[in-house]
Each structure stands twice: as C-alpha cells, then as structure tokens.
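Student: Use these hints to put chain Y with the ligand onto chain L, whose structure you have.
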Amino acid sequence: MANALDSLYQQVILDHSKQRHGSGLRDGFLAEDHQLNPTCGDEITVRLHGDDALITGISWEGQGCSISMASASILSDLVAEGLSREQLAERIELFRALMHSRGKGIEQDDEPLGDAVVLEGVSKFSARVKCGMLAWVATEHAMTKEHGA
Amino acid sequence: MSSTADLTPTDPITDVEAKQLRNDFPILEQQVNGHPLVYLDSGATSQKPMCVLEDEQDFYEQHNAAVHRGAHTLAAEATELFENARATVARFVGVGADEVVWTSNATEGINLVAYAIGNASAGRGGAAAERFRLREGDEILVTEGEHHANLVPWQELTARTGATLRHIPIEDDGSIDLGRAAELISPRTRLLAVTHISNVTGVINPIEELVALAHASGALVLLDACQSAPHRPLDLRALDVDFAVFSGHKMLAPTGVGVLYGRAELLDALPPFLTGGSMITTVTLEASEYLPAPQRFEAGTQRVSQAIALASAVGYLEAVGMDRIDAWEAELGQRLVRGFEAIDGVRILGPSAGVPRAGLVSVDVDGVHAHDVGQYLDSLGIAVRVGHHCAQPLHRRFGVTASTRASAYLYNTTEDIDAVVAAMGEVRDYFGAK
Ligand SMILES: Cc1ncc(COP(=O)(O)O)c(C=O)c1O
Chain L
4 MANALDSLYQ QVILDHSKQR HGSGLRDGFL AEDHQLNPTC GDEITVRLHG
54 DDALITGISW EGQGCSISMA SASILSDLVA EGLSREQLAE RIELFRALMH
104 SRGKGIEQDD EPLGDAVVLE GVSKFSARVK CGMLAWVATE HAMTKEHGA
Chain Y
144 MSSTADLTPT DPITDVEAKQ LRNDFPILEQ QVNGHPLVYL DSGATSQKPM
194 CVLEDEQDFY EQHNAAVHRG AHTLAAEATE LFENARATVA RFVGVGADEV
244 VWTSNATEGI NLVAYAIGNA SAGRGGAAAE RFRLREGDEI LVTEGEHHAN
294 LVPWQELTAR TGATLRHIPI EDDGSIDLGR AAELISPRTR LLAVTHISNV
344 TGVINPIEEL VALAHASGAL VLLDACQSAP HRPLDLRALD VDFAVFSGHK
394 MLAPTGVGVL YGRAELLDAL PPFLTGGSMI TTVTLEASEY LPAPQRFEAG
444 TQRVSQAIAL ASAVGYLEAV GMDRIDAWEA ELGQRLVRGF EAIDGVRILG
494 PSAGVPRAGL VSVDVDGVHA HDVGQYLDSL GIAVRVGHHC AQPLHRRFGV
544 TASTRASAYL YNTTEDIDAV VAAMGEVRDY FGAK
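These protein sequence lines are chains L and Y, in that order.
Okay, so the first sequence: first residue is 4 according to the numbering used here, each after it adds one.
Okay, so the second sequence: first residue is 144 according to the numbering used here, each after it adds one.
One chain only, chain L, in its complex shape:
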C-alpha cells in the first residue's frame, strides 16, 4: 500500500535512521556547525572532513526524528564520494529544491543526489521539511565557517 505515509517512511529511510552512516563526531575536521529545530528539539552537529580540493566526508552527532536522522545518514554517504565545495553546495541547493517541491520532485541530470531522492516524500509534509533539511543546513553553514573559504 503506497500511501503518503509509506512514501514518507520508505524502508531505506527507516534503515538509515537506525544504522546512521557517519554518526559519531571525528577529529581532524575543517569546520563544524550545530543546528536546532526549536519546534521539536531535533538537534545536530555536523563536521566537515577533507582537504583543500575536496570534502571527503562528514561526521555528525544528532538527536531527532527518523527523517532528520536518515537525511543526515544519506548526506554522509553522498559526501563520502568526495565532492568539491562547489559540487557540495550545488547538491545542497538541489536537495533544498527537492524538499520544497511539495511532492512533485525535481528534474535532475545524472542523479547527483543519489539515494537522497528517497526523501522526496518529505516534501508533501510541510511540517517535516525542516527535519529533512537539518543536516544539510548544518553542512552549508559549516562550509561558510571554513578558514579562507
């Protein structure tokens, strides 16, 4: 039964919310940021790892609903491929557009968002968009805090 609830809580999302990839803060980071969703108390700290050329991973620690936690885990996988800062910023923008698509999804070439498209269902629930965005916003803010960036 592919109702709206099941499309929000796909198995991949529930799995990511339990086996949280990238969870656990690591040392040797470029910058970090903390984000809080004051309506429900969801919280995340994200650290950027990598070098001058590439962001090669994030490590994070958070508390929150399955959507915010799964979204952080999926983002961690995406970044682990190694992305330039421009590529990462582009993907965050694309993901933001996806979250605000009100269930319509977005056009994308070469699937730059990878698994993150499973979070499309979140866009139907306006109250949950913030949950979906939490880790991505923290990553975006962390990038602006990088020295010399």
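Worth flagging that the hints you see were computed from the coordinates, not collected in a lab.
C-beta atoms are modelled at their ideal positions from N, C-alpha and C, and glycine is treated no differently.
There may be inaccurate statements among the hints.
What the hints assert, rightly or not - Here are some chain L residues pointing at chain Y (derived, C-beta under 7 angstroms):
| hint | residue |
| --- | --- |
| 1 | L8 |
| 2 | F32 |
| 3 | C43 |
| 4 | G44 |
| 5 | T48 |
What the hints assert, rightly or not - Derived pair list, reagent style EDC-like, types lysine to aspartate or glutamate, alpha-carbon separation capped at 20 angstroms:
| hint | chain 1 | residue 1 | chain 2 | residue 2 |
| --- | --- | --- | --- | --- |
| 6 | L | K133 | L | E96 |
| 7 | L | K107 | L | E123 |
| 8 | L | K127 | Y | D521 |
| 9 | Y | K162 | Y | D572 |
| 10 | L | K148 | L | D55 |
| 11 | L | K21 | Y | E569 |
| 12 | Y | K577 | L | D18 |
| 13 | L | K148 | L | D54 |
| 14 | Y | K162 | Y | D561 |
| 15 | L | K133 | L | D36 |
| 16 | Y | K162 | Y | E461 |
| 17 | L | K21 | Y | D572 |
| 18 | L | K148 | L | E93 |
| 19 | L | K133 | L | E46 |
| 20 | L | K21 | L | E64 |
| 21 | L | K21 | Y | D509 |
| 22 | L | K107 | L | E89 |
| 23 | L | K133 | Y | D521 |
| 24 | L | K148 | L | E46 |
| 25 | L | K133 | L | E93 |
| 26 | Y | K577 | L | D9 |
Tutor: Relative to chain L, chain Y with the ligand alone:
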C-alpha cells in the same frame, strides 16, 4: 436531550451526549487523510461551537463600534456587551468584574504582571506600588514544570531587577513535593508563579497548600489557569490566589482574547504595562494620570468581538456544566493513561493510572521520535501534539527532548480515546522499533 434527563449536575457527560455536542462543532465533522477526524489537541487550542462563532459574527453585523469612546447608540451597545462579557467571565471564575483585565492570551497576562512589577521596581506607581518593588536578594519562585509562558517572563524580570529566580523541582511522577516547596518558600520569596494543571503531565497541583505557604511568607501567588479554567469549575477567590491568567482559545472562544485576574487591591496599586489611549484620565505634554483597574491595563482599541465570544463560550460551557465536563475528562484521562500504560515501550510522563489527573496524557515511545509518532497518528486522522509543548525544562527533567500528547475536551468520546490508544499500539511496529 432525553439521554441526560435523569443525570445530576455532577454526573459526567456520556458518550451519547458527547456525540450530540460534536454536532455543535462543524470542524469536527471532517475527514482527515481519509479518516474521521479524532481531535485530541484541545490542550493546545480547542475547537469552537457554532453559537460562539455566530455571536461573534452577530456583534459585527449588529453592534460593532468602538467601546468606551463616543456617545452614539452603537457605541453604547458595544460598550454594554463588552462590559457584560467581562462580568460573565468574572463570575465564571468567582471574582469581581473590575478584577478582570482583557489580554490577548495568558502569555500577555503574565508579561503584564511581570512588566508592571518591573515598572514598580523602577520606581513607577508611587507609594502604592512600593509593595511590588523588587530588590537584590528578593526571589521569584516558579516550578520546573512551567510552560515557557510562566518562566521566561520571570527570567527577564529577575534579570532586569537583580532579583533571583528559583524553582520548585518536579518529582518523578510529575508532582510537586510540598515539603520541598516549603523549604524553598521563605520571606525572600516575593512571588510564586505556578501552573494549576500541567500541560505536559496532566498533574493537578496542590494550589491551596502552595498559596497557604506563600502567603504565610508574605509572597504573592500567580496562577497559570490555562489548563484548568476551560476544564473544571474554578473559584479563584476560594483558591485565594493573587493573580491568575487563562486563554480564551483553549475554552471554545476565538484566538486573541485572554484574561488576567488580579485581586482588586493589587490591580489598583500596580503601575501600568502598556500605555496610551483609553487608560488615562488626564494627559498633559509632560505626564499622565491613569484610570483605575481594569481600564488602566487596557491601552488602545480592545479585542471586543473576541471578549463577547469568550462570554458566549462561557455560556456554552455552563449550559453543559463545568462539574460534568470535569468528571467526563477525568474519565477520559484515566482511559487514556490506562490504554497507554498497557502498550509495551510506551512511557507515561506523569502520574500513572488511578491517580487523579486532567484529561491529557503525554508519552515517550521507546525507539520512535515524537514527530514520527505524530505523523503516524495523523495519517489515521488523529490530531495530537508533538514536541516539547513549550516546557523544555520539564522534558529535560524526564530525560527526553520531545513527547506526544493527547488532550481531551468535552466533545471527545471514549471512541476517540480508544482510537488513539489502538494507533499508539501500532507505532513501534510500524517504525520497526520492536
Ligand atoms: C499551562 C499553559 N500555560 C500557558 C500557556 C500559554 O497560553 P497562550 O499561548 O494562549 O498564551 C499554555 C498554552 O499553550 C499552557 O498550556
């Protein structure tokens, strides 16, 4: 209503009657996500019966004019309706009409008192306001269980005046230990600000005892009656509190109107908070003199239609009977807590079944975040509140950041309770938490 003919005024509402009452609330008839709406979020805001909506509309259609300003016929009618509304609401909570100040909501009422005390502390209000002046060493006492509305204004006031903010701890079952309260209340305590009924745990606080302790030390008491005024008979004079606040929107009335009660003698001594038109006697370019309470605290154009609608809501509640509403919600509250207690992995924040409580219950579901719980329930048309319910310190006390709260009102039935209990029983399975 033949079904209720042989009931006494203190018998609870029945399921049959609650179903009849629902017909007065058009919003409750709808389907949500393909299911009949089960509205269990009245603790946040209640729904409004047709008659209240009609009375507000009738005011605009027949009587609308500025109150306390001008001499034309409509102005006189509007003023009379407005002041009658004040008298109705005052009688509803057992106080005098001149002791009722209209506010936007409970939050504004608490801020009014806090800012007025701040103004007194800054030397405003002359000799009469001396009694409110806060100095270093003075204490304001709250509890760990307060809604942010009854905490943050006191943080601000103590920060401005150099007084100290202290709190009575909340016990594991959500209650206040009177022994611990007694240790904290001292001659340094100037004001105790406490909720009557917790909007998180449903605990009914021992207000009489707390008032006696506070008064014995010379402290004033402000009661947050947000979760009691709508749900049970309330006699503020008998409780002997000095100030009290509640919000109209939680008791069948529109948003935008609330009540601050203050003992006449106190309101008359308190300097104003908001100033401007309608609250003055003489104004020169240099200074002004103020009207007595309650007008002193009602600067600017007032929420007239909302106040009239609140009086209409009071009429509706009284016609049903506050004792009967109270008894019904006690039943629904027990049914809720019993139902939730029987579910594996669901922890009640607050008293367990059998302990007197209001008709609201908050729970923590093991392995499932409150936001996800709420989403699951919503998919079945069940509206509950998720989050910290504006009580972060209390949630921290219980070791959680968020919870799921079901709160009932007179229009809820045992079917509604059974629906949320059944759905709650499925949540951990759905999210693979067991
Ligand atoms: C116990 C309690 N106090 C204060 C408030 C604040 O009420 P309002 O937002 O209407 O000012 C509420 C409602 O949210 C409440 O439940």
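Student: Give a verdict on every hint.
Tutor: The hints, checked one at a time:
1. With its C-beta approaching chain Y no nearer than about 4 angstroms, L8/L sits inside the 7 angstroms limit, and its interface hint holds.
2. Restraint check, F32/L versus chain Y: the minimum CB separation of about 25 angstroms is more than 7 angstroms; hint violated.
3. Taking 7 angstroms as the C-beta contact cut-off toward chain Y, the hint placing C43/L at the interface holds, the least distance being around 5 angstroms.
4. The criterion of a C-beta within 7 angstroms of any C-beta in chain Y is met by G44/L, whose closest approach is roughly 3 angstroms, and the hint holds.
5. For the restraint placing T48/L at the interface with chain Y, the shortest Cβ-Cβ distance is roughly 15 angstroms, beyond the 7 angstroms limit, so the hint is violated.
6. Taking the CA atoms of K133/L and E96/L, the gap is about 14 angstroms. The hint holds against a cut of 20 angstroms.
7. Taking the CA atoms of K107/L and E123/L, the gap is near 8 angstroms; set against the 20 angstroms cutoff, the hint holds.
8. This hinted pair checks out: K127/L and D521/Y have alpha carbons roughly 13 angstroms apart, not beyond 20 angstroms.
9. With a CA separation close to 32 angstroms, the supplied pair K162/Y and D572/Y exceeds the 20 angstroms bound.
10. A hinted pair counts as satisfied when its Cα atoms are at most 20 angstroms apart, and K148/L with D55/L qualifies at roughly 14 angstroms.
11. Restraint check for K21/L and E569/Y: satisfied, since their Cα atoms lie roughly 18 angstroms apart, inside the 20 angstroms limit.
12. For the given pair, K577/Y sits about 14 angstroms from D18/L by alpha-carbon distance, which is consistent with the 20 angstroms threshold.
13. Pair hint K148/L plus D54/L holds up; C-alpha atoms about 15 angstroms apart against a cutoff of 20 angstroms.
14. Distance check on the hinted pair: K162/Y and D561/Y sit about 15 angstroms apart at the alpha-carbon level, within 20 angstroms; holds.
15. Only pairs whose Cα atoms come within 20 angstroms are accepted, and K133/L paired with D36/L is accepted, the gap being roughly 16 angstroms.
16. Pair hint K162/Y plus E461/Y holds up; C-alpha atoms about 18 angstroms apart against a cutoff of 20 angstroms.
17. Between K21/L and D572/Y, the direct Cα distance comes to roughly 14 angstroms. Compliance with the 20 angstroms bound is thereby established for this hinted pair.
18. Between K148/L and E93/L, the direct Cα distance comes to roughly 17 angstroms. Compliance with the 20 angstroms bound is thereby established for this hinted pair.
19. For the given pair, K133/L sits about 11 angstroms from E46/L by alpha-carbon distance, which is consistent with the 20 angstroms threshold.
20. As the CA atoms of K21/L and E64/L are separated by approximately 13 angstroms, the hinted pair is consistent with the 20 angstroms bound.
21. Between the alpha carbons of K21/L and D509/Y the distance comes to roughly 13 angstroms, so the proposed pair stays at or under 20 angstroms and holds.
22. About 26 angstroms separates the Cα atoms of K107/L and E89/L, which puts this hinted pair outside 20 angstroms; it is violated.
23. Taken as a hint, the K133/L and D521/Y pair is honoured in the structure, with Cα atoms around 18 angstroms apart against an allowance of 20 angstroms.
24. With a C-alpha separation of about 19 angstroms, the suggested pairing of K148/L with E46/L holds against the 20 angstroms cut-off.
25. Under the criterion of a C-alpha separation no larger than 20 angstroms, the hint pairing K133/L with E93/L is consistent with the structure, at around 19 angstroms.
26. As the CA atoms of K577/Y and D9/L are separated by approximately 18 angstroms, the hinted pair is consistent with the 20 angstroms bound.
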